[in-house]
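Taken in sequence, the protein lines are chains A and B. Take 18 as the starting number for the first sequence in the working numbering and just add one per residue. Take -9 as the starting number for the second sequence in the working numbering and just add one per residue.
Keep in mind that the hints were calculated from the coordinates and are not lab data. Just to be clear, a hint being listed does not mean it is correct.
[Claimed, not checked] Examples of chain A residues lying across from chain B (beta carbon under 7 Å, computed):
| hint | residue |
| --- | --- |
| 1 | N96 |
| 2 | F98 |
| 3 | L122 |
| 4 | A128 |
| 5 | L145 |
| 6 | L147 |
[Claimed, not checked] Some chain B residues flagged as far from chain A (calculated, every beta-carbon gap over 12 Å):
| hint | residue |
| --- | --- |
| 7 | G36 |
| 8 | Q38 |
| 9 | L261 |
| 10 | A290 |
Virtual Cβ for every residue (Gly too), placed ideally from N, Cα, C.
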Amino acid sequence: MSGDHILTVDRLMMRFGGIVAVNELSFTAERRKITALIGPNGAGKTTVFNCITGFYRPSGGAIRLVHDDGRMIQLERLNDFRISKQAKVARTFQNIRLFPGMTALENLMVAQHNALMRASGLTVLGLLGLPSWREAEKRAIDLARTWLDRVGLLDRADDAAGNLPYGDQRRLEIARAMCTEPALLCLDEPAAGLNARESGGLNELLLSIRNEQGTSILLIEHDMSVVMEISDHVVVMDYGVKIAEGTPQAVRDDPKVIAAYLGADEEEAIAVMESGT
Amino acid sequence: MSATSARPSPAAQPSGSAFILKKALISALVALVLFSLMIGIRTEAGPQGGLIYWTRFGDLAALVGTVFGGSIIVELLRQWWGPVDKDSIVPKPVQSAFSFAGRWLAPALLVFTFLVPVIFYNQRYILDLSILVLTYVMLGWGLNVVVGLAGLLDLGYVAFYAVGAYSYALLATNFGLSFWVCLPLAGILAAFWGVLLGFPVLRLRGDYLAIVTLAFGEIIRLVIINWQSLTGGPNGVSGIPRPTMFGIPLTPGDDGLAAKLGIEFSPTHRLVFLFYLILAMALLTNWVTIRLRRLPIGRAWEALREDEVACRALGINTTTTKLTAFATGAMFGGFAGAFFATRQGFISPESFTFQESALVLAIVVLGGMGSQLGVALAALCMIGGFELFRGLDQYRMLVFGMAMVLLMIWRPRGLVGHRAPTVFLERNQAISSDLVKEGHG
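Modelling step: build the complete structure from the supplied sequences, incorporating the hints.
Structure, rendered in structure tokens:
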């Protein structure tokens, strides 16, 4: 299957001292699709995320990102902020990392830093207040307003991000990531701590991001209602290796996956599954 | 306070005479331990040179008794008063009056500052003092970029002040360059040193950053002391040219300003000129900072203070962001240093000790980190207030320290604690200081 892959993770290794957190993991994420990365706690999912988004430098393997125009970027060679700036990979965090003392709108303005920096002529034009800068700022505010509207926070635009309820903070973080206009959006447990109604809204938001923006999404999630409902492809990890992948349906019925989640061995798991259906 | 945390009910609060007595006893015990050596025993050099001492148990008992009684009274007052809340202490009309005053405070202060040389024309002392206050306002505003906005604790800010002062002093005395040529040079050189300091501290956070910046400030001072051939060492640099009003010197001579305008010469002219010069420089600092805050670089500084990891995830180059913060802050420090040199006419390493750094940092923290108005008010309180207590002689430091402690209890996040957003859609509402981070890098 030589589908249109935006992200190819090839035999990714990540060691911390003697501990192998990710061991020769390979998977792909298709363009304009939602790929879910699931697995029990401690399986190494967030480590994979940190490798993809440049917070860790992988011990081995390759991570390739192919943009719409065919430009290929080796993510393991970039680090830190360049992943977001040049490779256009945005991420959110498992424990929300907004700028709590800044308003929701300001959070989204910070996300457009690189575009605005160019528009402000590296601050010089902006300091002089030239019209071209004012135009750019207005466009940035409009983009921020659009996203605030999309996540339903337009009326809270001028409130401090730290004052928003938990669910709103989650959505604001996604909006902030989208304001960097990414090609690939990486979400680390976006539904954690959300109630059923909120995670339903999250599903709609993610689907609309995929369908309208054409952004590919890679997500880590424990909430199976989210994973099963919206993902196009699911990759299951346990102890740093891939144990299964496929459509949500196929993964759900995979005895290995059930074994990993229930902590039972394979035969037992099959027995559990059969008794369940 | 969040709405969810209910006020503790009166029943939950410990009360009763046993509690009050216990609290008073503990206070009395602490007082006894503290005062037993300080008050209870008095030592003095005897007539033969030996140490003689005598005890003052009466005084000691009186003091401990006072603490005991005072503690009971304070506790009774507190229970009678009820839970301390802003609304119960300050009535609503007074609060609204305060907020009205707050809105007009900055413009009123500005107008008043412009009029200071007119009002106090004949009072040299006040003019001198206001020039000093304005210098610290400018330094505070400069350091505010680094500490208040970017959240990088800099304990060596005086280094850039020194670099600016020595840049001007050496360029002017050795090459005869005028103040107006040297001013930008001093700023550029200070900014350059700011970047140099920035590089090694990029990876440091919190305490470690503070220690390295502290060391940097000392290194600059020690280099100045020891590099005798260039800086004159501890003797300093003297004969630094006074500033000219765009080429016209403010001297009694025929080519002086007074002669050209056909008015009688007065040394106050130069003082007034210096006053407006530092005022213009401080206002420029303020204007640039306010502008920068609304530009992407300023927002990136504040974002850096709030959460550095999130900044990196959004593609912000934290290295250049930190370096620009250091460079900008240092540049303003350099400008202020050049002004200091031209005002004094003489500089020596003694003017650039750690105490200066601490003073400027105290101004920024006291003012409310990130707030321009707060920093200006704090500079006025710190420098002006310190002068105000001059009459108290040896108790000056004590009273001053007490005032600062009280201020920090009353306003733990500085005089102006809240943060104004840089951009808004509908409502421009201040952000409570509880949410704003102090920074850790």
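Beyond 12 Å from every chain A Cβ - status for L261(B): holds (32 Å)
Restraint outcome when L122(A) is required to lie within 7 Å of chain B by C-beta distance: With Cβ-Cβ at 6 Å, under 7 Å, it holds.
Exclusion check [G36(B) not at the chain A interface, CB over 12 Å]: holds (62 Å)
Hint validity - L147(A) Cβ closer than 7 Å to any chain B Cβ: Violated: closest Cβ of chain B sits about 12 Å from L147(A), beyond 7 Å.
Interface hint compliance - N96(A) to chain B, C-beta minimum distance less than 7 Å: Cβ of N96(A) sits 9 Å from chain B, so the hint is violated.
Verdict on A290(B) as a residue remote from chain A, using beta-carbon distances over 12 Å: The assertion about A290(B) is violated, with a minimum of 5 Å to chain A.
Per-residue hint verdict: F98(A), partner chain B, C-beta under 7 Å: Holds - the Cβ of F98(A) comes within 7 Å of chain B, reaching about 5 Å at its closest.
A128(A) as chain B interface residue, shortest Cβ-Cβ below 7 Å: Cβ of A128(A) sits 5 Å from chain B, so the hint holds.
Non-interface claim for Q38(B) versus chain A (Cβ beyond 12 Å): holds (66 Å)
Hint status (Cβ of L145(A) to nearest Cβ of chain B, threshold 7 Å): violated (9 Å)
In the structure shown, a violation is registered for the earlier hints numbered 1, 5, 6, 10, in ascending order.
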